[in-house]
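Enquirer: Listed here are the chains, written in short residue letters.
Number of protein chains: 2
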Amino acid sequence: MTTTLESLHRSRDTITPAMRAAIDRLDPTTRLQAAYHLGWVDADGRPDSGGGKAVRPALALLSAQAAGAGAETGLPGAVAVELVHNFSLLHDDLMDHDQERRHRRTVWAVWGAASAILSGDALLGLSQEVLLDSGLPTAVPAALLLARATRELIRGQVQDLAFEERDDVSVTECLDMAAGKTGALMAASAAIGAVLAGAPADTVAALETYGARVGLAFQLVDDVLGIWGDPAVTGKPVFSDLRAGKKSLPVAYALGRDPSIALIDPADLERRAEAIDRAGGRRWALAEAAGRMSEGEAALAGVELPDPVRAELLALGRFIVDREV
Amino acid sequence: MTTTLESLHRSRDTITPAMRAAIDRLDPTTRLQAAYHLGWVDADGRPDSGGGKAVRPALALLSAQAAGAGAETGLPGAVAVELVHNFSLLHDDLMDHDQERRHRRTVWAVWGAASAILSGDALLGLSQEVLLDSGLPTAVPAALLLARATRELIRGQVQDLAFEERDDVSVTECLDMAAGKTGALMAASAAIGAVLAGAPADTVAALETYGARVGLAFQLVDDVLGIWGDPAVTGKPVFSDLRAGKKSLPVAYALGRDPSIALIDPADLERRAEAIDRAGGRRWALAEAAGRMSEGEAALAGVELPDPVRAELLALGRFIVDREV
Chain A
1 MTTTLESLHR
11 SRDTITPAMR
21 AAIDRLDPTT
31 RLQAAYHLGW
41 VDADGRPDSG
51 GGKAVRPALA
61 LLSAQAAGAG
71 AETGLPGAVA
81 VELVHNFSLL
91 HDDLMDHDQE
101 RRHRRTVWAV
111 WGAASAILSG
121 DALLGLSQEV
131 LLDSGLPTAV
141 PAALLLARAT
151 RELIRGQVQD
161 LAFEERDDVS
171 VTECLDMAAG
181 KTGALMAASA
191 AIGAVLAGAP
201 ADTVAALETY
211 GARVGLAFQL
221 VDDVLGIWGD
231 PAVTGKPVFS
241 DLRAGKKSLP
251 VAYALGRDPS
261 IALIDPADLE
271 RRAEAIDRAG
281 GRRWALAEAA
291 GRMSEGEAAL
301 AGVELPDPVR
311 AELLALGRFI
321 VDREV
Chain B
1 MTTTLESLHR
11 SRDTITPAMR
21 AAIDRLDPTT
31 RLQAAYHLGW
41 VDADGRPDSG
51 GGKAVRPALA
61 LLSAQAAGAG
71 AETGLPGAVA
81 VELVHNFSLL
91 HDDLMDHDQE
101 RRHRRTVWAV
111 WGAASAILSG
121 DALLGLSQEV
131 LLDSGLPTAV
141 PAALLLARAT
151 RELIRGQVQD
161 LAFEERDDVS
171 VTECLDMAAG
181 KTGALMAASA
191 AIGAVLAGAP
201 ADTVAALETY
211 GARVGLAFQL
221 VDDVLGIWGD
231 PAVTGKPVFS
241 DLRAGKKSLP
251 VAYALGRDPS
261 IALIDPADLE
271 RRAEAIDRAG
281 GRRWALAEAA
291 GRMSEGEAAL
301 AGVELPDPVR
311 AELLALGRFI
321 VDREV
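Listed in order, the protein sequences are those of chains A and B.
Using the working numbering, read the first sequence as starting at 1 and increasing by one per residue.
Using the working numbering, read the second sequence as starting at 1 and increasing by one per residue.
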C-alpha cells in the first residue's frame, strides 16, 4: 500500500499547482467557490486543508508513464479529468439536494443553486480549455476522449435520476448507468495520459478498459457503502441512498430477486436495507466488484508496460476500490 | 433587408441538419429535451416548428466566407456556437425562474430543474466535441476561441446575478458584464468561421470586434425591451427585468444619474420604469447601442473582405440589433 500512497502523494504535489493555475483563470466569485469546493479555502477564502483524494489525476499521470513518457506529459489531462469530476460533483450535489460533502457544506448549500450551476459550468468549460492550451500535438484526440467521456457521464446521471421513479430497473440497465456515471471518466483518466503521449492504440485500449472496470468496481463498493456504510466514515447519513430512492446496484439486484421489496414502506429504511441484504444485494455487489477488478487487471496484463508503472497502476486501482465495507 | 433574411434562411437550411446530427449523439432523454428546447418537437416528441433565429450560426458561416472559404468550413463552428448559446439559455431560464421562452414552457418548467441542468451540460460538452470532430487542422484555435468565450459568458452571468443584490452598480461594471454575457459569444460567432478557415490575425480580430459590438448593441436594445417592450412581441411579462431586480444597462445608467430611484417601492414597477426613463435610461441605452454599432462597422471597414460578404455581415448585424423599441 505504500507504493499507492506514494503515487497519490506525488501526483497531488504535481497536480495542485496546475489545478490552481487553471482555477486562477476564473472570475473572482467562481474562483472562490471552486477553491472552496476543492477544499483549498473556507467559505470566506481563508486557507483550508481539505479536498478529495484526486485519484483520477493520479491515474492520468501514471497513464502517460505507462506509454513511456514523463508524468508531465499527462499533466494537462490530469487537470482536465479532475475538473470534469468536480463539475459533476457540483451539479450532482445540487440535483441530489446533498447539503454536505466530505463533512463540509456543499457549494449550493453555502451560496445557492445558481452558484453551483455556474461554477460547475465554469469547470466543465475549463477542462477543455486546459487540454487545448497544452500545445501538445495530441491535444485533439485527448480532448475528444474527454468530451465523449463527459457525454457518457451525463447520460449515466440522466439514467440515475430517471431510475429513482421506477421499481423495475434491471441489473443490466443499472450496470449500464454506472458504466456511464462512474466508469467513463475513470476510463478516460486511465487512458488520457497515454493518448497525450501518443501511445499505440492497444495500450490506450487496455488502459481504458482497466479504468472502466476500476470505475465500475468502485461504484459497486460505493453503492454498498451508500446503504451499509458507517456515517462517520462516509460522511453521509445512514442508509443515504435508500432515503433518496436511488436504484443503486445492490437495490436493482435485490429487486430482481425479490420484487416484493418494492412493497416495503419507503420510510422504513432499516427493513428495506435488511430485505436487500437478505436477497443477496450486498454479497452480489461485492462479488461483482471483485470480478470487474479481475477483468481490468487482465486487460492490463495483455499489454507491455514498464514494470514499476504497472505495479503502481494495479496498486492505485486496488486503493480506489478497497474501502472499509 | 432581403439580403439579411436570405443569409439567415440559407444559414438555417445548412445548420439544421448539422444541429440534428449533433443532438442525435445524446441519450434519448436529453435528446428529446434539447429538441424541445430548440423548437423542433413538442414535449411529447411530436414535430413542432419553433426555434430561435439562429443568428450566431449565420454569423459563423459568413465568417468563413469573409476569409474566402466556403460556408461549409464554418459549419462546425456554427453548430458549436449555437450549442453554447442554447446551453446558456437552458441554465439561465432555470436560474432566472423563467417559465416561458418564445411563448413555450421552458425545459425546467416541463421536466424539472435537474433536466435543465443536465441538458445544458450536455450541449456545452457537445459544443467542443463537434468542433474537435471536424478534422480541420484549425480545430484547436477554434475550440480555444470558443472555450474562452464560454468562460467570459459565465463570468457575465455570475456578475448579472450578483448585481441583482446591489443598487450601486456602475455603468462601467454593467457594460463589462454585458460584454461577457452577450458580447463574448457573439464575438466568437463572428470570428470562428475565419479561424477555421485559417484567416490572418487582423481579419479575425476585426470580425471579433464586430461581433462583440453587435452583441453589446443587441444587449442594450434587449434591456430597453426588457422594461418597455410589448409583451405580445417579447413573449415576456411587462417590466420583466424590473420584476427580477435586474441591474440592466438602462437601470444602471439611471441609478447613476438619480440614486433616489433605488428608494422607489420595488413592487411599483410602473413608477420605477417612469423614473428610469426620466433619468435618461432609455435614451442613453439606444444612443449607446448606435455608437457600438458604428464602432463595430468601423472595425469591419478596416479589413479587406469580399464585397457581398461584407454587405451580408453588415445587414445581419443591423437585423440582430434593429428591433421594435
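Just so you know, these hints were derived from the structure itself, not from any lab.
Do not take every clue at face value.
If you only want the chain B side, here are some residues facing chain A, beta carbon under 10 Å, derived [as the list claims (entries may be wrong)]:
(1) Ser88
(2) Leu94
(3) Leu118
(4) Gln157
Output of the computed footprint for chain B on chain A, the stretches with three or more beta carbons under 8 Å from beta carbons of chain B [claimed, not checked]:
(5) 22-34
(6) 205-211
(7) 270-284
(8) 295-309
Even glycine gets a Cβ: it sits at the ideal position worked out from N, Cα and C.
Enquirer: All hints are to be evaluated individually against the structure, with a verdict given for each.
Expert: Structure-based check of each hint:
1. Ser88: Since chain A brings a Cβ to about 8 Å from Ser88/B, closer than 10 Å, the hint holds.
2. Leu94: Where the cut-off is 10 Å and the nearest Cβ of chain A is about 7 Å from Leu94/B, the hint holds.
3. Leu118: 5 Å, holds
4. Gln157: Where the cut-off is 10 Å and the nearest Cβ of chain A is about 6 Å from Gln157/B, the hint holds.
5. 22-34: holds (count 5)
6. 205-211: This one is violated; 0 residues, fewer than the three required, reach chain B with a Cβ under 8 Å.
7. 270-284: violated (count 0)
8. 295-309: violated (count 0)
Hint check: violations occur at hints 6, 7 and 8; the rest are consistent with the structure.
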